[in-house]
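Enquirer: So the chains spell out like this:
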Amino acid sequence: MPRARLVALLTGATEAKLALVQAPVGSGKTTLLAEWHAAAHATCPFAWLSLDRGDNDPVRFLEGVIAALRTVVPRAGEQALVDLAGPASLTDVVLPSLVNDLAAQSQKLVLVLDDYHVIGDPRVHEAVTFVLDHQPATLTLALATRAEPPLPLGRLRVRRELVDVHAEQLRFSDDEATTLLNHTLGFALEAGDVARLQDRTEGWAAGLQLAALSLSGREDRSGFISTFAGDDRPIVDYLGFEVLDGLPPDTREFLLQTSILERLSGPLCDHVSGRDDSAVKLDELERAGLLLLPLDTRREWYRYHHLFAGLLRHELARTNPELVAALHRRASAWYRDAGSVGEAVDHAIAGRDVVAASELITRHWYAELQRGRIETVAGWLDSLGDELVRGQASLCLTKAWIAVNTGRLDEVAGWIRAAERAGADEPVLESGVASLQEIHRYMDGDVERAVEAGRRSVQTGETPWRPVGCPVLGIALFWSGAYTEATAELETATDTARAGGNHLAVIHASGALAAMHAEHGDLEEADAVAQVALRLAHERGLYEHWATTLARVVHGRELERRGLIADAADEIDRGVELSTRGVATLEIAYARLAQADARQLHGDPGGAADAARRARMLIERCAAPGLLSDMLARTERRLHLASRRVLVGDSAPVADELTDRELSVLRLMPTELSQREIGDALFISLNTVKSHARSIYRKLNVDARDEAVEQARAFGLL
Amino acid sequence: MDKVDQPAERRCTIVIRGRLSDRLGSAFPEMALQRHAATTMLSGRADAAQLGELLDRLRDLGLEPLSVDVDG
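Protein sequences appear in the order of chains A and B. Going by the working numbering, the first residue of the first sequence is number 1, and it counts up by one from there. Going by the working numbering, the first residue of the second sequence is number 1001, and it counts up by one from there.
No wet-lab data here; the hints were simulated from the structure. By construction, the Cβ of each residue, glycine as well, lies at the ideal position given by its N, Cα and C atoms. Possibly wrong hints are sitting among the right ones.
[Said to hold, decoys possible] Simulated DEER-style distance windows between Cβ atoms:
hint, chain 1, residue 1, chain 2, residue 2, range
1, A, A325, B, V1068, 28 to 34 Å
2, A, S226, B, R1023, 50 to 56 Å
3, B, D1071, A, F683, 19 to 25 Å
Just need the whole structure built from these sequences, with the hints factored in.
Expert: In structure tokens form, the structure reads like this:
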């Protein structure tokens, strides 16, 4: 084993929190980690995850981490995986439960994250930082990366919890190069030739490996080394093509055709290359000991060395550019048939096959989103580009749905119009347009038009879009006061959603049924329905979702009735907090009204007045708030507020001074910038922006960005 | 530091070690290649995203830049 000194260094690292192998492509990072694994696996199992760009979706990343950990700890992350599909906070809920699972292990383990440099998303870095900050003694993290990751490395170095391996250490020493070339590969080179190779490659692993490939089967090795040493081209430029041109034509063709693949298996390569002996070919290439790395112990999946893959892809694009798209399309079809949606979409996009990509996205986006992978779906649409998306009605509707669910209501109408322009005259797409309009109108507080769109959507019959809008029609009917029709619709919606495994819709619809019972004065029945919904939410990792708002408020009011005033106030406050994570204006207002009553009961008339004032601000913004107008009037009467409303509105103080950072975020709030763009502008992460925004809202006593701007202007802060 | 990234194109000059052949140099069709004694200079216009993508492409091929210069 030529890297014994580095393997020894890493073996010592199992006491450290992090082993960081940082070096350019071709330095042998993965090979070193694999040798460490081979040397240590008897005493310490390894969980191995090779990252790709798709792992910038934190949900996909953590699913990958859990899957890797489960190769070692079979039941690790069971609860974390459930929570991941919901809206639970990664650092408050998902990661603590995962870390606890690992802490409960008696055996040490190493978690390898290979190719960490592909990660750019700050939330993934935050997740890894969380693990480093709360790392159980049983876990060592090992990262292979080309660039220094934004993790708290300084702190780890100071505490000697970090083992660094950098490019200089990965260079082969003269002894190691001799061992590799003369013992492992058996070339029997003279010392002078080894020294010349060492000098020319500077011990760079990929250079030596390519040189070794060029040397095998060559008579005049010394002569070859002299020519190479005297050539002034970059190493890869010389040796890479030397290797490529020296391959048998059949092998060369196989390599070029499969170079577009991130991962290779026999059946996949057969499909892409049109051969029937790819498994044999892969085995042969691996036996040659070069170019191919196995990704599993069963020798089912491989990948090319990144450097060699880069060279092959360039050669393919240079010699046969028109073939590239066709190869991607074949790969896409294979992955589609194998049920790997993500890879199928990626290859369809790379092959510029808009039809296949949109078919795949249309068929699978909803299932992906139900797993919490909203970033992945948004990423697919981004890589297609808005122009192509506008040409496909179903993609426009997916865009609209994502906008609804990420709180960007202002973009929804535009995408619905785009869908109509793209040709949404088939029943399926008409149903989609109507369902999205239904949701959009409902979120915006227009129950009349929500009901109207919902009815249109139902009339188009059972389409894949109907479940998307399914509970909203019943909920909108409830707010509009049509109780009988609402009950029927909500019961149908609950049954349909339950049959389809759409837990979120079941919870949301049940919450509305509960609220309706409560309106009829049957709090006991209301609470029974609400509790069933909350239990389901708990089981399915949806306990933190805004769709639990109605159920929580109803449960809180039943607690009030039973005299548990403090518990009731807690439950309702939680309902208010969660409601503001969604964009359903009416539900936020409903929770605020319950909060006003709860505070009044708790002997806090000022707080009650404040909650009622906020409810009024929200309700006044709605085009058709239905029952909420009456509910507001009732609450205000109860609080004897109606006449003093203006006074209360004017007296709200800024509770705390805003910090400088909060002020700089506040100053960007009147702009069109999204929260992510504000973060980019201020060089802070999206999560930091969100947490500043939350504390700005709290300090200004508001619930939303436009209210914060309004309030800040009133206080002269803007 | 600029507050907001503008997609403005700037003149970029990247120096790599060795004299790049046309065969590999064609992986960077948007850049002009100038070969010196022991280095190759790639120059052209690119915005921040394009430059990042170009550097990734260089590194993917094992061509670690010796220097990267961006003019205002």
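Enquirer: With reference to the structure, classify each hint as holding or not holding.
Expert: Structure-based check of each hint:
no., hint, result
1, A325(A) - V1068(B): 28 to 34 Å, "31 Å, holds"
2, S226(A) - R1023(B): 50 to 56 Å, "22 Å, violated"
3, D1071(B) - F683(A): 19 to 25 Å, "23 Å, holds"
When the structure is compared with the earlier hints, a violation turns up for hint 2 alone.
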